[in-house]
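*Asks:* Residue numbers (this note's numbering), protein chains in the order written: chain A, 1 to 523; chain B, 1 to 255.
If a hint is listed, it holds; no wrong ones were tucked in.
No farther apart than 27 Å at their CA atoms in a straight line, the calculated lysine-lysine pairs in the DSSO-like style are these:
(1) A:K267 - B:K129
(2) B:K12 - A:K514
(3) B:K211 - A:K514
(4) A:K175 - B:K129
Keep in mind the hints are simulated off the structure, nothing from the lab.
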Amino acid sequence: MNTPLIGELVKLRYQLLWAKTRSRHGRIALFLAGYLLLVMVIVLLTTGGFGAATLAVRSGKAEPIAQGVLAAVFLEAVLAANILGFGMSAIFSETELRRYPLGAPDRRIARHLTGILDPFWFLFFALELGLMVGLYVLGAGSFWFGLVAVLLLFAANYLLARVVGLFIDQMMKRKGGPLVLMGLIMTLAFLPAVVAPLIRNDPAMMDTVVRRLQFTPPFGAAAAMIHPGLAGVSGLATIVAWILGLAALLVWLENRPPRRQVAESVKLAWDSPFDRVGALFGPQMGPLVGHWLRFYGRNSRTRTMCMVSLPILAFLTWQAGQRMGPHSLFIAALGTLPMATFLGTSIIAMNQFGYVGGAFRRYFLLPTEPAATLRAASYAAVTIGASVLPIGLLAWMIFVPYAFDARMLLMLLCTGLTGMFVLNGLGIWVTLFNPRKADYNTNFGNDNSLGGNILLIGGMLVSISLPRLLYKFHPALVSPESWWMFLPLPVLALAFYLATLKSAGPVFVARREKLLAIVEGRN
Amino acid sequence: MDAIRITNLVKKYGQKPAVEDLSLAVPAGTMFGFLGPNGSGKSTTIGCMTGLLDATSGEVELLGEPFTTDNAALKRRIGVMPETLGLFEPLYAHEFLAFVARMFGLDESTTRRRVTELLEALELTDTSKTLSEYSTGMRKRVAFAAAVIHRPEVLFLDEPFESIDPAGVSLMKQWLRRFTEQGRTVFITSHVLETVERVCQQVAIITRPGKLVWQGDITALSRDGAVVCNGQEFRALEPLFLHLTGERYADLTWL
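Build the full structure now, drawing on both the sequences and the hints.
*Replies:* Okay, here's the thing in structure tokens:
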């Protein structure tokens, strides 16, 4: 193993992070990221891990609570790593690492070492560590067994995230793969809604499920943290078995990249659906909107996100829709549906020119008002987002166990439209003031700028928590009786969106040189 | 009539000058070579002339009209092949060219006909590849096709011959000659001085930062004649260029 060279690459990972401080925005980003990270670690350690441990011990249900906490952290890390792209850097991809004098096994080690040493993973590690320390301090667990369990769980978690990411990536590149993936995600998203009533009707089923879950890494780790004896050893052995299995699966997937099947030459296709939809915007804007629709439509991450956004949000609706009265799911959906209109197109809608590279200059060579391209890009995002709304509403009518209520449907439509216009409007400002050079072809990594991450993550948090807060303080506001109060929301949001388009035009022209420098990587 | 006229053009990045008080006039129907060492401001000048960059001061006139970024009517009459080719990588060549053609106001049937003809002429008929999968030379050809598809009156080409094979260069030169014979103007930057010598009638040479050091007629060079500069005779463009911009020598013994 070429340890010095691998060490240099890991060092480079952090040098690149540090290099971002060379710009003013970078310094602010790093300060905020560092600050947030520190605060989050402390909060997670104390309230999350340690707090959970205290609750577990005091309630006398140490093991079930530890199992629940570890399982939730485990799944959320996998979801976050794949949705937000943390912990996987395109700079250390196999193609990039081939430039250096490293053999295949060394490249693999370097790739995964730089991946697992991402600050993102430390957050989850801190939470698990907090739980372990909490259990130990309160006398409910073993320190050494717990520490080994946390380290092994951390490794298993990373491996599973990479396997899932690679699987999604490969499925997206295979013929028919996106459909299979969609089916899988839908099944997983709606599984809790199907299983929950079954368990309610047959409590013995719960015991069977828990017995089966003993053979998963989070349950194995919980056993090792609490039972230092044979049960603990068995728990650790379970995680080791998973690590070996996942590592083998990862190597297998990495060694079998999908082969793109292309014909030597194909007939020129002139009349694409992108252009037909674009033509709806009139002869002036038509070609530009068609171009941007094509740009969004060809991006594999946009395609993936568009497909998975509804199932993911359905899952979030189910998860958030608890303890809010008889209309819990409805109140939760008021917050999740707006994100459905933005999540799929978000990475480009918040960074319209970051994926274009040097082609950005071409927009200024076209015989059109320069701001027209900014508007066209946003119209394309809104068009795609708007097409998700009817599907979301239809899914609502089919899957949610409520009697049909047109008022609910109208309120959901209103919040969906409001979210779409507000988030796309804000996306334009992020595009102009906090763009980032990004890779159109990569499927991994978080390409969002600081502003983009704040908009996306902040947008999700606000969107999901706002209806809950309204329910807590003014429940009447989120009841179907208040349907009429939702009607002005999309109108106001549309006004904001149109005002943004109008005022962003001159800003776009004025900032074009800065934008060009950033998207071409010269900032 | 001058197809291009620049008066006292200044472009600064912060306090750093990139182009300094540059004035040029390019007669219509001329193949004009714009030369200079790396980083001398050639691409910045083209950027200011085509609306990509804002000049700090000075004026640009194209085809007798003052040019600004918002002058869409004038943009329709010029074609640009930028230094960074500016191709939309996820598109196929025909999609990209059709998009450019439509943006420049060509109707559907003209677009299809010209795209097909350009792709065939430039040997870009492998339509199974997106632009990101093309070689550098093929990408250059696509950028060239995009610059000429709407039959512009003035054509700006930034390093057009780099990375293109000899047959492609020969074809492009043939097209450009026909272009200027029809009274249209070509503004070329290039480091391939032999080619410039053969195809251009006039040349301007700049040094860092964007300072004009010489402008003149070089048609004599293609007829084995000479060009006189600072009392010296030059029989080729290369010695003239090195004389004006300075020769460099570094003795790296380890190399």
